[in-house]
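Sequences listed follow chains A, B and C, in order. Counting the first sequence from 1 gives a position; the numbering used here is that position plus 16. Counting the second sequence from 1 gives a position; the numbering used here is that position plus 3. Counting the third sequence from 1 gives a position; the numbering used here is that position plus 6.
In short, the hints are calculated from the structure, not lab data. A quick note: this is a predicted structure, and the numbers were derived from the prediction, not measured. For each residue, glycine too, the CB sits at the ideal point set by N, CA and C. Warning: the hint list may mix true and false statements.
Here are the computed distance ranges between Cβ atoms for each label pair [to be verified]:
(1) I23(B) to A153(A): 39 to 45 Å
(2) E357(B) to R328(A): 34 to 40 Å
(3) R47(C) to Q216(A): 55 to 61 Å
(4) Q162(C) to T298(B): 40 to 46 Å
(5) E310(A) to F133(B): 47 to 53 Å
(6) L496(B) to A111(C): 36 to 42 Å
(7) A111(C) to D294(B): 36 to 42 Å
(8) L490(B) to I28(C): 30 to 36 Å
(9) K339(A) to V33(C): 38 to 44 Å
(10) A486(B) to Q216(A): 39 to 45 Å
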Amino acid sequence: MTSNTFSRRTALFGFPALVAASPAALAQRAWEPTRPVQFIVPAGTGGGADQMARVIQGIVSKHSLMRQPLVVVNKAGGAGAEGFLEAKGARANPHMLVITLSNLFTTPLATGVPFNWRDLTPVKMLALDEFVLWVNAASPWKTVKEFADAARAGRLKIGGTGSRQEDQIITAALTKATDAQFTYVPFRGGGEVAVQLVGQHVDATVNNPIEAVTHWRSGTLRPLCVFDGKRLSGTEKMTATESWSDIPTCREAGLDVEYLMLRGIFMAPGVTPQQVAFFAGLLDKVRETPDWAELMQQGAFNTTALDGEPFREWLTREETRHKTLMQEAGFLAQPQ
Amino acid sequence: MEEIGLLMQGFAVALQPDNILLMLLGVSLGVLIGVLPGLGGANGIAILLPLTFAMPPVSAIIMLSCIYWGALFGGAITSILFNIPGEPWSVATTFDGYPMAQQGRAGEALTAAFTASFVGAFIAVVLLTFLAPLVAGFALQFGPPQFFAVMFLSFACFIGLGRGSPLKTLAAMMLGFLLAAVGMDTVTGQLRMTFGSTEMIRGFDFLVAVIGLFGISEILSSIEDGLSFKGQKAKIDLKVVLRTWAEMPRHWAIALRSAAIGCWMGITPAGATPASFMSYGIARRTSRHGDEFGTGRIEGVIAPETAAHAAGTSALLPMLALGVPGSPTAAVLLGGLIMWGLQPGPMLFVEQKEFVWGLIASMYLGNVVGLLVVLVAVPWFAAILRVPFSIIAALILVVCAIGAFTVSNAEFDIVLMLAFGVVGYVLKKLDYPLAPLVLALVLGDRTEEAFRQSLLVSQGDLGIFFSTWLGGSIMAAGIALAAWPLLGWLWSLLRPAAGRERPKPA
Amino acid sequence: MSALTEGGDAPPRGVRTVGVEIATALVLTGLGAAAMWDSRRLGIGWGAEGPQSGYFPFWIGLVLVAASLGNFALALRARGTAKGGGLFVTWPQLRLVLSVLLPTALYVAAIPFTGLYVASAVLVVWFMMRLGGFRWWVALASGAATALVAFVVFEQWFLVALPKGPIETWLGY
């Protein structure tokens, strides 16, 4: 049924003005939202997930990709538990999207809130957010090895966002990989964490590229390695000598830790395949816009996108991995 | 000076006709957003952010920052008229602003609030214009221990200011701390005091509690005396603005000090809310009429409003220069910058001169425009009090319900708001002071967090709070402020006990 | 309802302050105790890296319990005195308070079922007719206007989704 739709869309490639007409043209055959679509952000205003949700909202309205408006709703309570429970409870409601981050896995495991990603309908992985190991430029550590040696010699402090979430999990993985003990200090937001490192209140951070890039460029922070299987793609010089692609992966640098954060879109449980197909198509259109490309480049995102069965497999794999990592670190919720 | 030249170029950008139009639109929308409790600056800007997506960055930030100014101005309106703080930082404005309105001096209170806001913002913008790089460096010195010291100082400013029973003050404050602790513990990620309920995970949002404790409870207690609001008979016209202005220069010292507190708290970045409380506390303590604070002193409006607006403005500096938002609203603006392809941080001032100076110029102009808009509207705002009770009470309840809901999109928060209203009504009638409760609720979890972060950093060594000159001196100031009234307070605690044991004095 | 109104010159009667004092102190004691109880689960100690999750709530709860028991004792002691005999609220005052509180409680309870807009309109109409003595058509028009303005401002301009009920669903929102 949808093959026709897709070919039509690809035919319109590169004509954003015309893309606007396509949903209307498809109205007779495919499902289409009949009321405003709620876009749930299981995080506070101003964070990475919120920014991405609002960029998507902006792109959808700027290019008129959907006839109904997209309404962003923040449900941040309990590290996002509130937003997930809301979506879980909205069975078969096709007018609801959820953007997820790693708290899709970590929140239920750390808090015991009755929720699992299988309670939602996966639509699409939009991108993966990278993590980079940063130290202050004034510190003597120029390589991962020097950093690990220093950590083994004396306890270092790593700042991160939130507790028992991605940053602390990476810290736990670092502990395992280096045999060094770290003190993890939780803060509220990524920007704050980066500045704590600039002010030398902590020794290292695992900030996302976008949170720390300005300090790197102004010469106050130094990246040591990126927690991805392959190097970042940006080749534009960010400092006098370095570009994103010059940062080694942690594995190259002898630190066997890999971590990427999901930026994906889900729907409520029990929605029909046609409804999922509509939003998957919508998100494809979003990903083709220059605005999206700019965001991806700014944040040095890993632009892998998955949907359907491969996405489910990826989710299953990641869930197991989070569970193992969190169990080893002792981050699982104790029964009340 | 290089700054002056750049600023002039900035004015040229900001003074383009369409940008002026955006300023007016932004300020008006901001006032509306500030008036509606719950739909505060942060939510409002987040909501309108996607609309600015298609604009050039300078115009977009001008409009959004004008919404921010508008919201800062607007927060005072409902605080003064109905005792409902539209924004967290206008809680302290209710302490004297609302009694003034009850005495028929609503126009005066509003004028004082708006003018004080303007003065605070203006001083902060001047600071921003000439000292930005210097000040940004100062903000870097603030790690968890210094941050805790600032919070401690805020509490210290308020200790001993209550007039009521010390035991009740203590109980109210502890209740505030407990409410602040409900929900997720940010340091360990554990859930505290949720007792297995998913509705409790969210914790008690400060605004929901305040809308109930102050707004709803005020409606309940005011109708005991009949179905009307006090203070509606006042004659109000634009002359009240001039009359108030004639009186205001007398309080220049309070305004200057409050602006200094505000700038400092905005840069730290502790934010506008603690700034307004701290400034109110200090004003009351240093005033010769300190005992009359809370009964409708104009200084009690000037102090928190100047500080809040100065803090709100200077909070933009760490955001622009470091990428650290000094307030939730600044956090959303930060997201906006990134969306428009601008990377906030030290490089912004070097690479995006036109943008930065356009924004700074728009701060000057936006505040002037904002002041004009709200001052002209003073008689109308004050006239709201003359609307019959049965209409205005219902509308207030509806607006409060919407406000409570929009804070975190939860229907349960509306129920909580009403419950807090009843609690507030009972506590107020029993002379439990609400100010310590609210102070503990708004600063409690950030203070605990900073304390525990510090000890994580120092591996449990309490000495960390005194290990730097900055943190140490703030702590020392706080201890000095706290100790003096504490002694008197302990004395008053002992005295009635001693009095009771004695047989009847003659 | 009017049966509750006190008439004549009899001394005002109502809820006594001392009773409310005692009840409030007991409720606060209970809250403090609940906090202490829950904190035990989280650990109330002072670990190697500073206080555990339950440390502050436990001590805060303890102070709250102590302060409230103090207030309780003071209230008991004041029971016989003139101050303790004062009224918290007289019956006619309570009736006025309830005339606002009860409809508001119903309003809040109705929001999950009818949505916020319909409930708000009804609340405005009720207040204007019962408390303000407005004519029914003025009240009805005002109620509808309130709901409509709120709807346009929030759903249309600001794109904020407020609770909606069957009527809005039927209209396609």
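Here is how each hint holds up against the structure:
1. I23(B) to A153(A): 39 to 45 Å: holds, 43 Å
2. E357(B) to R328(A): 34 to 40 Å: violated, 48 Å
3. R47(C) to Q216(A): 55 to 61 Å: Violated - the Cβ-Cβ distance for R47(C) and Q216(A), about 37 Å, lies outside 55 to 61 Å.
4. Q162(C) to T298(B): 40 to 46 Å: Since the Cβ atoms of Q162(C) and T298(B) sit about 43 Å apart, the hinted range of 40 to 46 Å holds.
5. E310(A) to F133(B): 47 to 53 Å: Given range 47 to 53 Å: violated, Cβ gap about 34 Å.
6. L496(B) to A111(C): 36 to 42 Å: About 39 Å separates the Cβ atoms of L496(B) and A111(C), which means 36 to 42 Å holds.
7. A111(C) to D294(B): 36 to 42 Å: Roughly 39 Å apart at Cβ, these two residues keep to the hinted range, so it holds.
8. L490(B) to I28(C): 30 to 36 Å: For L490(B) and I28(C) the Cβ distance comes to about 31 Å; the hint holds.
9. K339(A) to V33(C): 38 to 44 Å: 42 Å Cβ-Cβ, so the 38 to 44 Å window holds.
10. A486(B) to Q216(A): 39 to 45 Å: At roughly 32 Å between Cβ atoms, Q216(A) and A486(B) fall outside 39 to 45 Å, so the hint is violated.
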